[in-house]
Amino acid sequence: MAFLICGPKMATCGIVISIWGVIMLAMLGIFFKTHSAVLIEDVPLTEEDIKGDKNPLENIFGLYNQVGYNCFIAAGIYVLVGAFSFCQIKLNKRKEYLVQ
Amino acid sequence: MGALFRSEELCLVQLFLQSGSAYNCVSELGELGLVEFRDLNPHVNVFQRKFVSEVRRCEEMEKTFLFLEQEISRSLLPPFIYPPPVPSPAPSPAPSPAPSPVPSPALSAPQPRELLAIEEESERLARELREVSGNWDSLRSQLTQLSQYRGVLIRTHPLTMSQVPPPPPSLETSSVLDRGQDIRLSFVAGVIHPWKVLAFERLLWRACCGYIIVDFQEMEERLKIPETGEMVQWMVFLISFWGETIGQKVKKICDCFHTHTFDYPESTAEREEILKGLQSRIMDITMVLSQTETYLHQLLSRCVSVLPQWKVRVEKCKAVHTILNLCSPSVTDKCLIAEAWCPVNKLLLLQSALIEGTRRNASGVDSFYNRLPLSSSSSSPPTLFTTNSFTAGFQSIVDAYGVAQYREVNPAIYTTVTFPFLFAVMFGDVGHGLLMTMVALWMILQDTDHTKNTHHGNEMWRMVYGGRYLILLMGLFSVYTGAVYNDCFSRALSIFPSAWHIQPMNWSDETLRESQYLSLDPNITGVFQGPYPFGIDPVWHLANNHLEFLNSYKMKMSVIIGVLHMTFGVCLSYFNYSHSGQWSSVLLVLVPELVFMLSLFGYLVFLILYKWLAYGPQESDRAPSILIHFISMFLFTDNKDNPPLYAGQMVVQRVLVVMALASVPVLLLGKPLYLCYHHRRGGNHTTEEESPPVVDTSSINSLLGDLEGGGRRQQQEEGEFDAVEVFLHQAIHTTEYCLGCVSNTASYLRLWALSLAHAQLSEVLWVMVMRISLSWQGMLGSVVLAVIFSFFATLTVSVLLVMEGLSAFLHALRLHWVEFQNKFYSGTGYKLSPFSFSPIVNPLQTGLSSQLAP
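Chains E and A, in that order, give the protein sequences.
Sequence positions in the first sequence follow my numbering and run 429 to 528.
Sequence positions in the second sequence follow my numbering and run 4 to 857.
Just so you know, these hints were derived from the structure itself, not from any lab.
Incorrect hints may have been included.
What the hints assert, rightly or not - With a straight-line cut-off of 20 Å between C-alpha atoms, the simulated DMTMM-like cross-links for lysine to aspartate or glutamate are:
#, chain 1, residue 1, chain 2, residue 2
1, E, 482, A, 513
2, E, 479, A, 140
3, A, 252, A, 266
4, E, 479, A, 512
5, E, 479, A, 513
Said to hold, decoys possible - Covered by chain A, per the in silico footprint, the following chain E stretches (three or more residues, Cβ under 8 Å):
#, stretch
6, 463-475
7, 512-521
Source: prediction; values computed, not measured.
All C-beta atoms in this analysis are idealised placements derived from N, C-alpha and C, irrespective of residue type, glycine included.
Model the full structure from these sequences, guided by the hints.
Here it is, written out as structure tokens:
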């Protein structure tokens, strides 16, 4: 019972946000990996990337991939948060069952 | 036609209830929740009605129940959960007459002998509870006092032993004889509230100037103060003094401070004797107290087990008697006559209920009903809609504006589709729509868990829960419109490849380098390859004239939707006119209205659609402006700079404007002139305006002398035909309609405005919140992204879903209530409120469920 940190409502909030976060961030990651043009403004492009250099396209794609990996890692973080919230929910249920 | 197209057909029935079985019949009808009784004694005072004594008796019993409830809540014994969950009432017809050890599940209105039993037992319980409670209280206070005394004796024992040894008897007597002074020490012992100790001590010292010795000791156990019931650790004090005057002073001061003083015997032996006596008395009292508590416990548990059922049954009895008060006794006084509104398709059910009631009473003569024809002089019948949990939400938002007149066209059935659609037009976003759908699905799935339904006390939650099907539809439609607008959390989805291509533009590097914005020319081959298969092309999100394009599109779409919605509303009034047989209104009101609307705004819609279809990218720089054409149509001018859209446009427009202008006087004067002409032609002719009135009103009210009054009233209606009022009414209607057409069409532009606001808000949220985290360099970006995503989620839910959702809900509701419904809906009816026991049995289920089918 020492692990019971959140109450039932906060744990439910946590799991809802985790599920949403996992799905949305995973899809964002996929869209970044496929170099979707719609997301171009979200990628941290700078002037040198576009203008100078030998292969500006490679740079841009590299940046896309990096943001994509960031998204996947964030999705992974949310998997952990979701697992934690799930444990909290289980503990809360058990506590509710035990104490009269 | 379907059940929701019009309100159900109701009829006025006259119930002849035999005196013996009247109570049972009405209670059967209450269980069914079928009919609404009318008050047949409106002029009779409440205290003069027939069954007022029974009602009063029920109220007395309710007072007793209230007392019992208070006693139960006062004792708050832990094992009881009060109020216990009410058992579901089994509609079994035969209640058990003998009191059974297990409470019977049937909660029907009690028969007279059962009522008597309940009354007796409740009074007995109340009496005994009062007695036992009083006993218990006095025993407790006695125990407290004895404990205090004992505490005093115990605690001061070491004091007196140590401090002052008792003077040897020889000295005592000699001193009395010798000096005539009393140097014997006297004691005052008692207990005082610990908070008053300091003040007490100080006052004693000041008053007695050091001629006394005071000692304070804490008591071992905590005892209760009888008045407030809190546990306090009393302080024992022992005051030793000599002299009479000081003794009196001390005693007065003790009284002042509300201490409890006890006799303090001098010698140890006496003290020990008293102590022994006290101990035995305390033991006795404790035993008696525990027995009293057990008995109290028994009584309270008996109360808790039967009280909920009694309450329900007595309330039912009171309700039945209240209804019986509304009936009028017949001349022979052998039966009661009641009048009620009953749905026509439930008449058989009514009959069976009456038979059932008679059977329960085992009386020979049946109660029966007689259907009365509806006359024009009686008030119009109430409106009844049979809804299920899906349609109840939509019906309630229509009813919030106004309950439909009897047999008027019900807009609720169209609202099930148009309302979520108009909401979605203002809310369109795939992501937000999906979230809304998830929430609604969760609420709907909660529905299967019935135990949770009725216990949510929160008003707001119950309102939101009641609209769960609304929210589901709103979410689903929003997903659709979001797909059309191509918006998902303000990002576009490229499901199909975009139709615009940059390569064929052949821009050189310098062109790309020097200008910030370049325009794609669709006339160059290869740039634009045909329209996007579904929705808006994702390339528009990258264009900086995104808003200009969308504004034009959304404004035109709003006008089209608005004109369609309003025309539909006007067409619905046809059904109202045809049902009431007002064919003249169809020709003189409906047709001019339609002509006016369609020739002006229908033509505008036609222009919009024509321009969309006929003009392509080749002519886009020379395309005529619809707005200027529309304005010049009204002004009968011709703008040379604006080429016509199609050949013969000027002629067509002139004809349409003339038609529209011609329809206005028809609308203004047609109906009143027709009514005047008709009235002058024949006074006693039954008009086509209303269904033929039946002069023979066999309603009880009219039999009691109102018949002449009714007849006179009818003649007055025919005779005094107020021409001015009719003309004025029609003039107001015409003005309202014609000006309303213009303003309401403009009002539908809020569909554009709100969808723009939603899209912009959503974009701002993305740009300001998510973009920061996505543009973070390096691996730390992922952690930042995870944290900022939670902010994004919270803001999306609170601002975009809740706030924007409520706003779009409100505006869609307004469009329905004002722009749609003022074309055909009057909303001046009243609901059928049937006599039913369900608010007694389920006190939390109000509002929406009152219209649910039983």
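Evaluation of the provided hints:
Between the alpha carbons of residue 482 of chain E and residue 513 of chain A the distance comes to roughly 17 Å, so the proposed pair stays at or under 20 Å and holds. For the hint linking residue 479 of chain E to residue 140 of chain A, the alpha-carbon distance of about 94 Å lies beyond 20 Å, and the restraint is violated. Between residue 252 of chain A and residue 266 of chain A the CA atoms are separated by roughly 17 Å; this keeps the pair inside 20 Å, and the hint holds. As the CA atoms of residue 479 of chain E and residue 512 of chain A are separated by approximately 10 Å, the hinted pair is consistent with the 20 Å bound.
A hinted pair counts as satisfied when its Cα atoms are at most 20 Å apart, and residue 479 of chain E with residue 513 of chain A qualifies at roughly 11 Å. Counting residues of the stretch 463-475 of chain E whose beta-carbon sits less than 8 Å from any beta-carbon of chain A gives 9, enough to reach three: the coverage restraint holds. With a threshold of 8 Å between beta carbons, the proposed coverage of the stretch 512-521 of chain E by chain A is violated, since 0 of its residues qualify and at least three are required.
Checked against the numbered hints listed earlier, the structure breaks hints 2 and 7; every other hint is satisfied.
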